[in-house]
Amino acid sequence: MLMFFLAVMVSVCGPERHPVSLVEVDSLAETNPRRAMSLLSATAGEAASMPEDHLMYYRLLQLKAADKAYIGHTSDSIAMLLVDYYEGRGDSRLLPQAYYYAASVYRDLHDAPQALNYFQKAANTMPAGGGSRLKGHAYNQMGKLFMLQDLDSVALHYYQEAYKIESDRKDTLDMIASLCDMSVSYQRLGDLENCIRSLEAAENLNALAGLNKEYLILYRLSEVFLERGQSDSAWACIQLPLVEAPDFDKSAVLSVASKASLATGRLDSAYVISKELLKVGSIYAKQTAARVLAEVCLRQGRLADVVHYINMYKSFSDSVSVLDARRAMANANALYDSRFVRSRICSLRLKNAITS
Numbered sequence: 021m022l023m024f025f026l027a028v029m030v031s032v033c034g035p036e037r038h039p040v041s042l043v044e045v046d047s048l049a050e051t052n053p054r055r056a057m058s059l060l061s062a063t064a065g066e067a068a069s070m071p072e073d074h075l076m077y078y079r080l081l082q083l084k085a086a087d088k089a090y091i092g093h094t095s096d097s098i099a100m101l102l103v104d105y106y107e108g109r110g111d112s113r114l115l116p117q118a119y120y121y122a123a124s125v126y127r128d129l130h131d132a133p134q135a136l137n138y139f140q141k142a143a144n145t146m147p148a149g150g151g152s153r154l155k156g157h158a159y160n161q162m163g164k165l166f167m168l169q170d171l172d173s174v175a176l177h178y179y180q181e182a183y184k185i186e187s188d189r190k191d192t193l194d195m196i197a198s199l200c201d202m203s204v205s206y207q208r209l210g211d212l213e214n215c216i217r218s219l220e221a222a223e224n225l226n227a228l229a230g231l232n233k234e235y236l237i238l239y240r241l242s243e244v245f246l247e248r249g250q251s252d253s254a255w256a257c258i259q260l261p262l263v264e265a266p267d268f269d270k271s272a273v274l275s276v277a278s279k280a281s282l283a284t285g286r287l288d289s290a291y292v293i294s295k296e297l298l299k300v301g302s303i304y305a306k307q308t309a310a311r312v313l314a315e316v317c318l319r320q321g322r323l324a325d326v327v328h329y330i331n332m333y334k335s336f337s338d339s340v341s342v343l344d345a346r347r348a349m350a351n352a353n354a355l356y357d358s359r360f361v362r363s364r365i366c367s368l369r370l371k372n373a374i375t376s
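Residues in the sequence shown are numbered consecutively from 21, following the working numbering.
Among these hints, one or two may not hold up.
[What the hints assert, rightly or not] With a straight-line Cα cutoff of 25 Å, these simulated SDA-like cross-link-like pairs (lysine to any residue) come out:
(1) K334 / L287
(2) K164 / T94
(3) K295 / A256
(4) K164 / S187
(5) K88 / V43
(6) K334 / R319
(7) K334 / I303
(8) K88 / R55
(9) K299 / V263
(10) K334 / D288
(11) K299 / A89
(12) K190 / L114
[What the hints assert, rightly or not] Derived Cβ-Cβ restraints for the label pairs, each shown as a range:
(13) E264 / A324: 31 to 39 Å
(14) G321 / G65: 58 to 66 Å
(15) L318 / L212: 26 to 34 Å
(16) E296 / G249: 24 to 32 Å
(17) T284 / N331: 20 to 28 Å
(18) R37 / A68: 16 to 24 Å
For the record, the hints were derived by calculation from the structure and aren't laboratory data.
Virtual Cβ for every residue (Gly too), placed ideally from N, Cα, C.
Use the sequences and the hints to build the structure in full.
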C-alpha cells in the first residue's frame, strides 16, 4: 500500500503532470469511491511532505471521493483553499473540478446561493469535450437545488440542459437519471403527459442498453401512482426498488414504500419498513416514518406507542422547519443577489448615459 503512494514523489514528468498514483485514484473515485477514500487515507501521513501541487490535487481527490460516496461535507475550509489555489497558481485544468466540489460542499451545508454560484462557475469554466460530463452534472445539481426551492420550471430547464449534454455524449446512465429528474419536475408542474413520456423514454433507454436502472424508473412510477391515489399500483411498482436500490437511494425508496404500504392496509409491512427508514432515512424521510408508525400503532390500538411516535414526529418536524427556514432564507438571498446585480447594471447604464 505504502509503495503505491511513494510513487507520488517520483512519477512526475513535467510541471503540468500529476502523479500517476493520484491519477489512478482519481479514476477509481468514479467507480469505487470508498476504495479511493481508503487509498487516500492510507497515505495521509505522507501527504504533508508532498509538493504543493500534488498536495492540492490530493485534497481535491478527498473532496471528490467523499462526494461520490454520498458522504456529506461539513466544512467549506478545504474547498475554499482549493478554489483559491486553482484560481491563482494551480493547474487551470482542475479549476472546474475545484468549483464543482466547492458547490457540492455548499449544497451539503444548505447554502443554496453559494452552491448555485459555484456550480455555474464550474459549468462556465469547463472546456468542450471530455469536461462536458461534469458540466452536465453541474446543471443536474442546479436543477435539484432549484427544485428544493420549489422553482420547478427553472429546475426543469437545468435538467433539460443536462440531458442535452448527456445525449450528445451518448451517456445512457446519466440520460436515464436526468429523464427521471425531469419527470419529477413535470409531475410537480401538473404535466402528467410529459411526466409519463419522460419515464417511457428512460425505460426504453434502459432496455436498449441492458442497464440495471429499472429500480429508479419503477420508484418514480410508484411516486406518481401514490400521488394519484392508486396505492395498489404504487405498492406493486416499489417492490423491485426495495430489493435493488443502492444505499444512496434507500431513503427515498423506503419513504415511498412506507406510505404505499400504509395506504394499502399492509400494517405489518408499513411498520417494518418505517422502522428501517428511521435508521437510514433523511430528516424528511424520518418525519414520514414517524407519522406512518403513529398511524399503524393507532390502527392496532397501541396507544402508548402512538404517543411515542407522535412526539418523535414533532421532533423531526421541528428539525425540518429549521431546515426549511434556512432554505427559504437561501432562496431570499438568491433573489436579493439577482436583484442587486440587476440594479447595479441599471445604475451603471444610467451613469454611462449621463456622462456620454
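Original post:
So which of those numbered hints doesn't the model satisfy?
Top reply: Failing hints: none at all.
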